[in-house]
Each structure stands twice: as C-alpha cells, then as structure tokens.
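Undergrad: Listed below are the residues making up each chain.
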Amino acid sequence: MKDRKDPEIADEAEPMETRPSTMKKGKGQAALGRDIQAKIGQQLRSYYDALIEPTPTRFAELLEQLDKQGGKGSSE
Amino acid sequence: MSLDPTIRDEILAAVPSLRAFAISLSGNVDRADDLVQETLLRALANIHSFQPGTNMPAWLFTILRNLFRSEYRKRRREVEDADGSYAETLKTHPEQTSHVEFKEFSAALSKLPDDQREALILIGASGFSYEEAAEICGCAVGTIKSRVNRARTRLANLLNIENANDFGPDRATRAVLTGDDVA
Chain A
1 MKDRKDPEIA DEAEPMETRP STMKKGKGQA ALGRDIQAKI GQQLRSYYDA LIEPTPTRFA
61 ELLEQLDKQG GKGSSE
Chain B
1001 MSLDPTIRDE ILAAVPSLRA FAISLSGNVD RADDLVQETL LRALANIHSF QPGTNMPAWL
1061 FTILRNLFRS EYRKRRREVE DADGSYAETL KTHPEQTSHV EFKEFSAALS KLPDDQREAL
1121 ILIGASGFSY EEAAEICGCA VGTIKSRVNR ARTRLANLLN IENANDFGPD RATRAVLTGD
1181 DVA
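First to last, the sequence lines map onto chains A and B. Residue numbers for the first sequence follow the numbering used here, so the first one is 1 and each next one is one higher. Residue numbers for the second sequence follow the numbering used here, so the first one is 1001 and each next one is one higher.
Any given hint could turn out to be false.
[To be verified] In silico lysine to aspartate or glutamate, DMTMM-like type, Cα no more than 25 Å apart, as pairs:
#	chain 1	residue 1	chain 2	residue 2
1	B	Lys1111	B	Glu1071
2	A	Lys68	B	Glu1038
3	A	Lys68	B	Glu1071
[As the list claims (entries may be wrong)] Footprint (simulated), chain B over chain A, 3 or more residues, beta carbon under 8 Å:
#	segment
4	32 to 38
5	46 to 57
Just so you know, the hints here were simulated from the structure itself, not pulled from any lab data. All residues carry an ideal CB built from backbone N, CA and C; glycine is no exception.
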C-alpha cells in the first residue's frame, strides 16, 4: 500500500479544468511528452526568475543587525 | 557570539531563492517577506544546530516551509490571489518574461494543491534534487516524484499546453507576423 491516498492530496478530487486532450487524467500519472515538460519547465523558471529579480536589500541589513546584537533570543 | 562570515554569506546567497519560494507558496509578497524574515530570525537563533559544510539552502528552505505550514497554511491562499493578482504587486519583470505569460503561469500555479506546488518549485525552479526536496518536505522521494508529476500534468491542463506548437507564437499569431494565411 503506497501513500498515494495521502489525505493531503485529496484536493485531486476537485474538478479540473480539462478540455478534450490526449492526456489522460484519473491516474494522475499520465506521462507528459518531453516537449510539454520542457515548456512547463521553461515557464516555471521564467516565473521564478521574475520573483528573484527584485529581492529587497532589507534582508542583508536585517542579518547584519542581528549579527551585531549577537543573534541572541531574537526568536520566541 | 558573532556570525561566521562564511555562514553569513551562505545565508545571504540563499535569500533571493528563498524569497521566491516563499512568494510561490504564499501567493503574497508581503507575507513572503514576513516568512523570510522569520526564517532568518529562527536560523540565527538556531545556528548552532547547523553543521558547517552541509546544505545551507536546504536548511533554510526547511525552516521556511515549516513556518509556512504551521502559521499560514490554515489560512489557505486568499481568494483574491487565485487569479494571480499578487503578480501586480511585483514592480518589475525581466524583459524576457512577458507579463501576460507571467500572470497566466502564476494563476495556474496558484490552483495547484500546496504539496504539489512546493514540490514542483523545489525541483523545477529552486534547483534541489529529489532527495533534498524530500528532506525539506519531510516525505519520501517517491512522494516528491509523484507530486511533481501530478503538478506538471495539471499545469499542462490549466495552461492548455498540448504540444510543441505551443512554443513561441501560435499559428494565428505567426500568420499575422509573417502575413501568411492561416491554413
């Protein structure tokens, strides 16, 4: 018995926006063509890159500040 | 005690990707920034438990992911985020990413179950191995693999990606660009 039926994955049951397609759903494991995987991979990386681009500097400042304080008891 | 400069640099180097992961999870930039900040606070408070030379990004991602799960998950993603409107709060996008594509993609991503989304991001964008992602998510490698597969399948559906012709402009657009008739 695999953990396939993990209750966390129950969202699977909700209706998917499908349209007529050669892709099988249901098994949830339908093999995607390499082209499709490549396309998704490329879009995913573009998306992620766009999120990375404007990282604020405040975190570097925060780290410096915490370091100066000796990093003690900052988290409860 | 002062932070080892090497450790500090490793933490700083991981922040941009950590933050992108947080935005992907929470669908909200402000919330993501809070998550990153809290992660850094916890990391420094527990830095003694980090073994130098081991995987700093994975360690930070684990902290952030657990924080998100414990504090934010119950709130679920807000409805307004479902259409990817948080993308609007991002000030800039790299030239190579069209705004429309970005919005479409983030909207589709937001429709995935949390566990599928995080697995897909960790593997496909953050650059972790399946083993590392399994450790970050506290599950088996096989579970990560099946979540990633499901995520890809569902995204393909949501984005209506059906074949390689979806690369670049579609036929109708190409026809406009080149002046050809649409066959």
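Undergrad: All hints, please: hold or fail.
TA: So, going through the hints one by one against the coordinates:
As the CA atoms of B:Lys1111 and B:Glu1071 are separated by approximately 20 Å, the hinted pair is consistent with the 25 Å bound. Taking the CA atoms of A:Lys68 and B:Glu1038, the gap is about 17 Å. The hint holds against a cut of 25 Å. For the hint linking A:Lys68 to B:Glu1071, the alpha-carbon distance of about 28 Å lies beyond 25 Å, and the restraint is violated. With a cut-off of 8 Å between beta carbons, the segment 32 to 38 of chain A has 5 residues touching chain B; three or more are needed, and the interface restraint holds.
By the rule of at least three residues with a Cβ nearer than 8 Å to a Cβ of chain B, the coverage given for the segment 46 to 57 of chain A holds, with 11 such residues.
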